[in-house]
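Chain by chain, the residues:
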Amino acid sequence: MRAKLLTVLVAGCFGVGLALSAEQQSVEVVHWWTSGGEAAALKVLKDDMQKKGYGWKDSPIAGGGGDQARTVLRARVASGNPPDAMQMLGFIITDYAEEGLLGNLDSVAAKEGWDKVVPAPLQKFDKYKGHWVAAPVNIHRTNWIWANKKIFDELKITPPKTFDELLAAADKIKKAGYIPFAHGGQPWQDATIFDSAVLSAGGPEFYRKALIDLDKTALTSKTMEKAFEQMQKLHGLLDPNYPNRDWNLASAMVINGKAAMQIMGDWAKGEFFKAGKKPNVDFLCFQYPGTEGSFTFNSDAFALFKVSKEREAAQFTLASAIMDKNFQEQFNLVKGSIPARMDVPGDKFDDCGKKSMADLQVALKNNAMLGSFAHGHAVPEGLKGPMIDVVTNYFNKGGSPAEATKQLAAAVENAK
Amino acid sequence: MATTYTDARGYDDAPSARARFQELLPKLVLAPSVVITLVFVYGFIIWTTYLSFTKSRGYPVHELVGFLNYTRVWAQPRWIVAIHNLAIFGILYIFICLFLGLLLAILLDQRIRQEGTLRAIFLYPMALSFIVTGTAWKWMLNPGLGIEKLVHDWGWTNFKFDWIVNEDMAIYTVVIAGVWQASGFVMAMFLAGLRGIDQDIIKAASIDGATLPKIYWRIIIPQLRPVFVSALAILAHLAIKSYDLVVALTGGGPGYASDLPSLFMYANTFTRNQLGMGAASAVMMLLTVAAIMVPYLYSEVRQSSRSGR
Numbered sequence: 001m002r003a004k005l006l007t008v009l010v011a012g013c014f015g016v017g018l019a020l021s022a023e024q025q026s027v028e029v030v031h032w033w034t035s036g037g038e039a040a041a042l043k044v045l046k047d048d049m050q051k052k053g054y055g056w057k058d059s060p061i062a063g064g065g066g067d068q069a070r071t072v073l074r075a076r077v078a079s080g081n082p083p084d085a086m087q088m089l090g091f092i093i094t095d096y097a098e099e100g101l102l103g104n105l106d107s108v109a110a111k112e113g114w115d116k117v118v119p120a121p122l123q124k125f126d127k128y129k130g131h132w133v134a135a136p137v138n139i140h141r142t143n144w145i146w147a148n149k150k151i152f153d154e155l156k157i158t159p160p161k162t163f164d165e166l167l168a169a170a171d172k173i174k175k176a177g178y179i180p181f182a183h184g185g186q187p188w189q190d191a192t193i194f195d196s197a198v199l200s201a202g203g204p205e206f207y208r209k210a211l212i213d214l215d216k217t218a219l220t221s222k223t224m225e226k227a228f229e230q231m232q233k234l235h236g237l238l239d240p241n242y243p244n245r246d247w248n249l250a251s252a253m254v255i256n257g258k259a260a261m262q263i264m265g266d267w268a269k270g271e272f273f274k275a276g277k278k279p280n281v282d283f284l285c286f287q288y289p290g291t292e293g294s295f296t297f298n299s300d301a302f303a304l305f306k307v308s309k310e311r312e313a314a315q316f317t318l319a320s321a322i323m324d325k326n327f328q329e330q331f332n333l334v335k336g337s338i339p340a341r342m343d344v345p346g347d348k349f350d351d352c353g354k355k356s357m358a359d360l361q362v363a364l365k366n367n368a369m370l371g372s373f374a375h376g377h378a379v380p381e382g383l384k385g386p387m388i389d390v391v392t393n394y395f396n397k398g399g400s401p402a403e404a405t406k407q408l409a410a411a412v413e414n415a416k
Numbered sequence: 001m002a003t004t005y006t007d008a009r010g011y012d013d014a015p016s017a018r019a020r021f022q023e024l025l026p027k028l029v030l031a032p033s034v035v036i037t038l039v040f041v042y043g044f045i046i047w048t049t050y051l052s053f054t055k056s057r058g059y060p061v062h063e064l065v066g067f068l069n070y071t072r073v074w075a076q077p078r079w080i081v082a083i084h085n086l087a088i089f090g091i092l093y094i095f096i097c098l099f100l101g102l103l104l105a106i107l108l109d110q111r112i113r114q115e116g117t118l119r120a121i122f123l124y125p126m127a128l129s130f131i132v133t134g135t136a137w138k139w140m141l142n143p144g145l146g147i148e149k150l151v152h153d154w155g156w157t158n159f160k161f162d163w164i165v166n167e168d169m170a171i172y173t174v175v176i177a178g179v180w181q182a183s184g185f186v187m188a189m190f191l192a193g194l195r196g197i198d199q200d201i202i203k204a205a206s207i208d209g210a211t212l213p214k215i216y217w218r219i220i221i222p223q224l225r226p227v228f229v230s231a232l233a234i235l236a237h238l239a240i241k242s243y244d245l246v247v248a249l250t251g252g253g254p255g256y257a258s259d260l261p262s263l264f265m266y267a268n269t270f271t272r273n274q275l276g277m278g279a280a281s282a283v284m285m286l287l288t289v290a291a292i293m294v295p296y297l298y299s300e301v302r303q304s305s306r307s308g309r
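Each protein sequence line maps, in turn, to chains A and B. Quick note on numbering: the working numbering labels position 9 of the first sequence as 9, and the sequence is numbered without any gaps. Quick note on numbering: the working numbering labels position 169 of the second sequence as 169, and the sequence is numbered without any gaps.
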């Protein structure tokens, strides 16, 4: 016991000593990318920083989704000891910027022309009041369907273009003895379907009005009821054991040929690759029917905290390393997403990634690149939570779509 | 100790600094823990109560808004479901645990062989963390993996046990897992109580011709009243604060059908940036616990002062 204590003490002193000597030129980065592939991808960034002469103090806090990491960050900020950079999603960046805690990256951004290469809808999250506060790493798309190609070929089904075609295909799949949709009944997964259902029922303009602007007439409209109707119909196409299933287990059902399709963001692609499956050979990727030309996204970014002047140089170097084309390519090849800057060549990406990049261009032209509601890029957390409550309750419990739209509007009102 | 005692005796008429120090020592030793409790328990209770009346979202702010957070909490259907579930879970959990615990204790008290082994077996679930219990039961109760599939594989294909995926029944699976975990512990409490009962009374009763069930019903169980009260207090607060069991077992689902106030509180405070609403729900949970604990503590204090301790 005593020996152990001593070791800890000694290690502690050493740690402090090292930290002191390296303080000026190292950056501390808090993130939750601890799984094999992600950690390897992050190493690219780390090596890059070291090449440029800066140390990298890694502070990983495991836990997908980053809830734990955010709890730790909250404590560190409250005690006045924020890290240099922290992995963040969507509105959380805005929350911290509002508190006046984030630094200003405008000088780097201007020099490297971020404004030109980062899509405008994404800039909305990485800028606060016109100033860059975060460096985006990737773009995930959420309105995907992942399908087992063998089942589709066997039943001679092609990717459906409309929701009715989807229902017809699902019917065929069911009759052949497969589960049409693999799904995990967790609130965020239910909400991921909701993203696509709203977009499919009303198109990008409606999605923007209802889920981003929270326009009351849109929220209570017949179109919103149609979105809930789609949810209800999809619910009938799941297997009975879906509640509380993890998303990767649902992906495994599609991989193993037990289920035909899964509605999920493109992180699901990683599961397919891990199982040795190839796009357009073993599995298909296509958008949720009725959402062609639109692109619901969520994006990881590193927010840079306000630090003293002498540490700014290290931070700026980190920001520029994050925005480096090579890093963006390497990282996103592993992560399953696409680069946050539009000028990274797509030839090394797989077919689904290429499609995602091409669709993004189209969506940008149509003004249809929209923040994902389920993944915190449409409304702040405080509003998102109660809204997801309504969605998940309706999806699991059923009921009338009219009642659900009323509840949704009421939840928005109550949370404002 | 012994030497200091004689030292103190040596200066009997004028108490030395040392003697005064001796007197102070217990207080000094206790002081840090008193301070810690005051700050970290009662101080934070006051802080939380204060926050529940402010407009706090992501971080504490000091703008008072009255009971707004409370009305907003009650306006959420999810909170209503959570309260209903707490009532169902709390009542069933406490009473089934008490009943099973007492039954097991009485059965074990019949001077059977291997009592120690059996006792350990029944007590073991309590040694597991709620997360483990929840995960194990999640698999057992899953119709596609656990009990239902097993019975199907045995040939009874119309057997159905799908509570965990059933919107209306999910909360009862939490009761099952909770009871499984805690009833052995309650048994141990009752067993201790049973062992403390004067055997002469029982002998006298049986000489008077009382049957065994009658002896238990009329003589032994009424004497176990203090055990009942302690068990009730422990189970009640376990029920109100249970969080990890539900998270592991059902994740609060399907939808939020098996939500409990503790899950609601955590979601609002830590992931939804609604610190005020989280604090309001925490205060209401505290009041529920207080409603049970205060009468218990009161009766304890009264009893001990009456018996002159």
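Possibly wrong hints are sitting among the right ones.
[Unchecked claim] Beta-carbon label-pair distances, calculated as ranges:
# : chain 1 : residue 1 : chain 2 : residue 2 : range
1 : A       : Lys233    : B       : Leu128    : 40 to 48 Å
2 : B       : Gly66     : A       : His131    : 32 to 40 Å
3 : B       : Leu297    : A       : Asn81     : 53 to 61 Å
Note that these hints are calculated values from the structure, not bench results. For clarity, every value in this text was computed on a predicted model and none was experimentally measured. Note that beta-carbon positions come from the ideal geometry of N, C-alpha and C, so glycine has one too.
Okay, the hints, checked on the actual structure:
1. Lys233(A) x Leu128(B): 40 to 48 Å: 41 Å, holds
2. Gly66(B) x His131(A): 32 to 40 Å: 37 Å, holds
3. Leu297(B) x Asn81(A): 53 to 61 Å: At 40 Å between Cβs, range violated.
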